[in-house]
Amino acid sequence: MSNMIIGRYVPGNSIIHRLDPRAKLILSVSFIILIFLANNWLGYLILGLFTLLAVASTKISLAIYLKGLKPVLWLIVFTIVLQLFFSPSGHVYWAFGPFTVTNTGIINAVYVFLRFLFIILMSTVLTLTTQPLALADALEYLMKPLLKIKFPVYELSLMLAIALRFVPTLMDETVKVMNAQRARGVDFANGSIVKRSKAIVPILIPLFVGAIQRAIDLGDAMEARGYQGGENRTKFRVLAWQRRDSLAVLVFMCVLVILVGTRFLM
Amino acid sequence: MAIEFKNVSYVYQPGTPFANNALTDLNFKIQPNSYTALIGHTGSGKSTILQLLDGLIKPTTGQIIFDDHVVDNKTSQKILAKVRQHVGIVFQFPESQLFEQTVLKDVMFGPLNFGKNPQEAQELAQKALRLVNLPEEHWQKSPFDLSGGQMRRVAIAGVLAIEPQVLILDEPTAGLDPVGRKEMMAMFAELHATKNLTIILVTHQMEDAAEYADDVLVMANGQLVKHATPMEVFADITWLQAQQLDVPHTVLFKNKLSAQGFDLSANIINVEQLALALQRSLKKGGNHE
Amino acid sequence: MENIIEVKNISYQYPSSTSKALDNLSFSVTKGEWVAIIGHNGSGKSTLAKLLNYLLVADAGEILIDGQLVNEANMWTVRNKVGMVFQNPENQFVGATVADDVAFGLENRGIERERMLALVPAALKEVQMDVFADREPTHLSGGQKQRVALAGIIAVAPKIIILDEATAMLDPKGRKEVIAAIRKLKDRLGKELTVISITHDIDEAADADRILVINDGQLVEEGTPATIFSSGQRLLALGLDVPYAEQLKLALKNLDVDVPEEYLDEERLVQWLWQLNLKM
Numbered sequence: 082m083s084n085m086i087i088g089r090y091v092p093g094n095s096i097i098h099r100l101d102p103r104a105k106l107i108l109s110v111s112f113i114i115l116i117f118l119a120n121n122w123l124g125y126l127i128l129g130l131f132t133l134l135a136v137a138s139t140k141i142s143l144a145i146y147l148k149g150l151k152p153v154l155w156l157i158v159f160t161i162v163l164q165l166f167f168s169p170s171g172h173v174y175w176a177f178g179p180f181t182v183t184n185t186g187i188i189n190a191v192y193v194f195l196r197f198l199f200i201i202l203m204s205t206v207l208t209l210t211t212q213p214l215a216l217a218d219a220l221e222y223l224m225k226p227l228l229k230i231k232f233p234v235y236e237l238s239l240m241l242a243i244a245l246r247f248v249p250t251l252m253d254e255t256v257k258v259m260n261a262q263r264a265r266g267v268d269f270a271n272g273s274i275v276k277r278s279k280a281i282v283p284i285l286i287p288l289f290v291g292a293i294q295r296a297i298d299l300g301d302a303m304e305a306r307g308y309q310g311g312e313n314r315t316k317f318r319v320l321a322w323q324r325r326d327s328l329a330v331l332v333f334m335c336v337l338v339i340l341v342g343t344r345f346l347m
Numbered sequence: 269m270a271i272e273f274k275n276v277s278y279v280y281q282p283g284t285p286f287a288n289n290a291l292t293d294l295n296f297k298i299q300p301n302s303y304t305a306l307i308g309h310t311g312s313g314k315s316t317i318l319q320l321l322d323g324l325i326k327p328t329t330g331q332i333i334f335d336d337h338v339v340d341n342k343t344s345q346k347i348l349a350k351v352r353q354h355v356g357i358v359f360q361f362p363e364s365q366l367f368e369q370t371v372l373k374d375v376m377f378g379p380l381n382f383g384k385n386p387q388e389a390q391e392l393a394q395k396a397l398r399l400v401n402l403p404e405e406h407w408q409k410s411p412f413d414l415s416g417g418q419m420r421r422v423a424i425a426g427v428l429a430i431e432p433q434v435l436i437l438d439e440p441t442a443g444l445d446p447v448g449r450k451e452m453m454a455m456f457a458e459l460h461a462t463k464n465l466t467i468i469l470v471t472h473q474m475e476d477a478a479e480y481a482d483d484v485l486v487m488a489n490g491q492l493v494k495h496a497t498p499m500e501v502f503a504d505i506t507w508l509q510a511q512q513l514d515v516p517h518t519v520l521f522k523n524k525l526s527a528q529g530f531d532l533s534a535n536i537i538n539v540e541q542l543a544l545a546l547q548r549s550l551k552k553g554g555n556h557e
Numbered sequence: 004m005e006n007i008i009e010v011k012n013i014s015y016q017y018p019s020s021t022s023k024a025l026d027n028l029s030f031s032v033t034k035g036e037w038v039a040i041i042g043h044n045g046s047g048k049s050t051l052a053k054l055l056n057y058l059l060v061a062d063a064g065e066i067l068i069d070g071q072l073v074n075e076a077n078m079w080t081v082r083n084k085v086g087m088v089f090q091n092p093e094n095q096f097v098g099a100t101v102a103d104d105v106a107f108g109l110e111n112r113g114i115e116r117e118r119m120l121a122l123v124p125a126a127l128k129e130v131q132m133d134v135f136a137d138r139e140p141t142h143l144s145g146g147q148k149q150r151v152a153l154a155g156i157i158a159v160a161p162k163i164i165i166l167d168e169a170t171a172m173l174d175p176k177g178r179k180e181v182i183a184a185i186r187k188l189k190d191r192l193g194k195e196l197t198v199i200s201i202t203h204d205i206d207e208a209a210d211a212d213r214i215l216v217i218n219d220g221q222l223v224e225e226g227t228p229a230t231i232f233s234s235g236q237r238l239l240a241l242g243l244d245v246p247y248a249e250q251l252k253l254a255l256k257n258l259d260v261d262v263p264e265e266y267l268d269e270e271r272l273v274q275w276l277w278q279l280n281l282k283m
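Protein chains in written order, with my numbering: chain A, 82 to 347; chain B, 269 to 557; chain C, 4 to 283.
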């Protein structure tokens, strides 16, 4: 669990850390869409520079980013191989049975690799520099228009915030229950798949029972403290859009314009 | 079973920037059939020691010697599993590890895991449930239908059913009411006396340590700061307060009596001892007249 | 004296249970009083706490809080008047950080943000948790979490605080910190705050003006700590603790030393023993 980098927050005080989570969320999502606009090497170069700029501005060590790539490494390799060997058109360099390597195949493989790289790096930038709770706040704000169609935006975001708040609690609990069952002779590390999946039951049931009790207690505590649903509540935590956020959007727009430009240029 | 720690240290996440020395160079021996109290503040390293004692983790450096097994950094999981079979651990709030459909099945879980056949496991489970005084009418019930105190007894039976030679108790009375606490501590004292169990008790209740233990380990910041008899540890108010540990009530009260002029022995750490000393002192006072 | 809580003949039975958790219970609490409710686990204490602010609904009888009947129509006004600290520190921490958690009750009451920005730090300061305002709950001890829960209540300034075994899951240090914080608050607010403390901790109960002893859902004894503690044997029979001075008295009694029937606190017991020593 401790190797998972995606979804982890690393505290810091860089410009990216200080950006409004709404700005970061919108820009990251837009960037991922933007990636698919690039169709030539110049476009990819610009995207690459922009990504590197974002990564560098977080002031978080590159090693952490590289660690973040690890879990998806096989997915990337698989897609590249697919592109590399199964491109039907273009100049053929090498062929064997169903496998052909062509110049378009190589180019496509490189592009696909870059897309993956940019998407993962950018989303890692978002999660490394933004507390999950701030992201939940940003989501709540961006979903506000849905209130018009009676969508329970506030309830949903409170649920999300509480879920995030209880993640460490449940992780601790998992470790405790696992230790207790190991002490009673359960071996999680060895044995057949069947044996190992059976070993999950003595973990899951206590965890569920515990989580349900927590939910009941929490419900009581929330009601006792006057929680009556999302209506008429005020908010202690507010998001403040600053000049730097507008600036970030402006920089992004420039990249967008240049990128569109390259499509005509090349 | 005797357990000996030789130069044991434990580091969390070694070799990373988060490396954290949980235990530093521990040396001590727990004698067979002893009743040891392990005390110290939250975060002093007690829970790391517990996990080492039960073979749930391995020391970063040093050795732990369990009669005929030696555990160090390179010990295999197989050996650790054997250690676990001889050392039972009752974690804090152990009722949160129950999961089976019936009480009996839950208690059988440990013996089955350690290779007993269902018949043997059931016999061990019944024996353990009798040891914790859980009436037979509850054995076929779901553990979740019992009261909190009963659930805790089931969980303890689940550990006893493994027939450990050493029983580790981590705050076993936390959350119980006064009568539940007394019954629980009396039950462990009886197991200690009749089953020759070696007991290691982790507790914040200095009264319990002073009452039941015959050996005390005091931890602070990952180091063993004192290993002595309860009398030596608890009679020394100045030292206890310097360690920011609670002083047993009897010792505090005895001090008030001494300040008033009573001449009482230093070897008094529980209420029965104090009452006895007072009775003698009062009688002696009578002789003077 | 004005009664801030009046409980009249209430009974409650859990749907899954075969016996009554509370059985025709009546008592009242005057404004500004500190009342401890003691009883062994399963005696009905916590059920009572939940009935007081309508988290559970009584099968029979009625409860008045500050003159208002506790019922469906009044439940939110009643909850505004009653703050509760529950037993499990982890399971009542709603906010992502300490400050967020303290603000939760204020947000529910629709208080404007400007006022929250003043109320939250002030409440945290009162329980000496102000330096932890931005901490997440994972990095707090049990005692710290309970003090945050208390701050969340202080911020909304209720007339009554119910401590439902609030110190039961804490280590001795945490317990002392929480009790100290409550005492300080009570000293500051005096008559304006009524405290109901449901507890096993005999030292906590000794702080109260009055103790109610509950057994099997019924009120079995009621009086000042001195009166309640003087019947030490009876408390032990009900599965409860007695203060240390009383434990020593009982131990002496077992050794055939004649001890006084009335309750003596530690100082007075020392004096009494000394007198006895001189007389002999």
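It should be emphasised that the hints constitute simulated quantities derived from the structure, not laboratory data. The reader is advised that the hints may include incorrect statements.
To be verified - Straight line, CA to CA, 25 Å or less: simulated SDA-like cross-link-like pairs of lysine to any residue:
#1 C:K179 - B:A488
#2 C:K176 - B:F521
#3 C:K23 - B:S410
#4 C:K256 - B:E479
#5 B:K409 - A:V290
#6 B:K326 - A:V290
Okay, the hints, checked on the actual structure:
1. C:K179 - B:A488: holds, 20 Å
2. C:K176 - B:F521: Satisfied, since the Cα-Cα distance of roughly 20 Å is no more than 25 Å.
3. C:K23 - B:S410: Holds - the C-alpha atoms of S410 (chain B) and K23 (chain C) are around 22 Å apart, at most 25 Å.
4. C:K256 - B:E479: With a Cα-Cα distance of about 20 Å, the restraint between K256 (chain C) and E479 (chain B) holds, given a limit of 25 Å.
5. B:K409 - A:V290: Answer holds: K409 (chain B) to V290 (chain A) is near 17 Å, not above 25 Å.
6. B:K326 - A:V290: Since the Cα atoms of K326 (chain B) and V290 (chain A) sit roughly 30 Å apart, the hinted pair is violated (cutoff 25 Å).
Hint compliance for this structure: hint 6 alone is broken.
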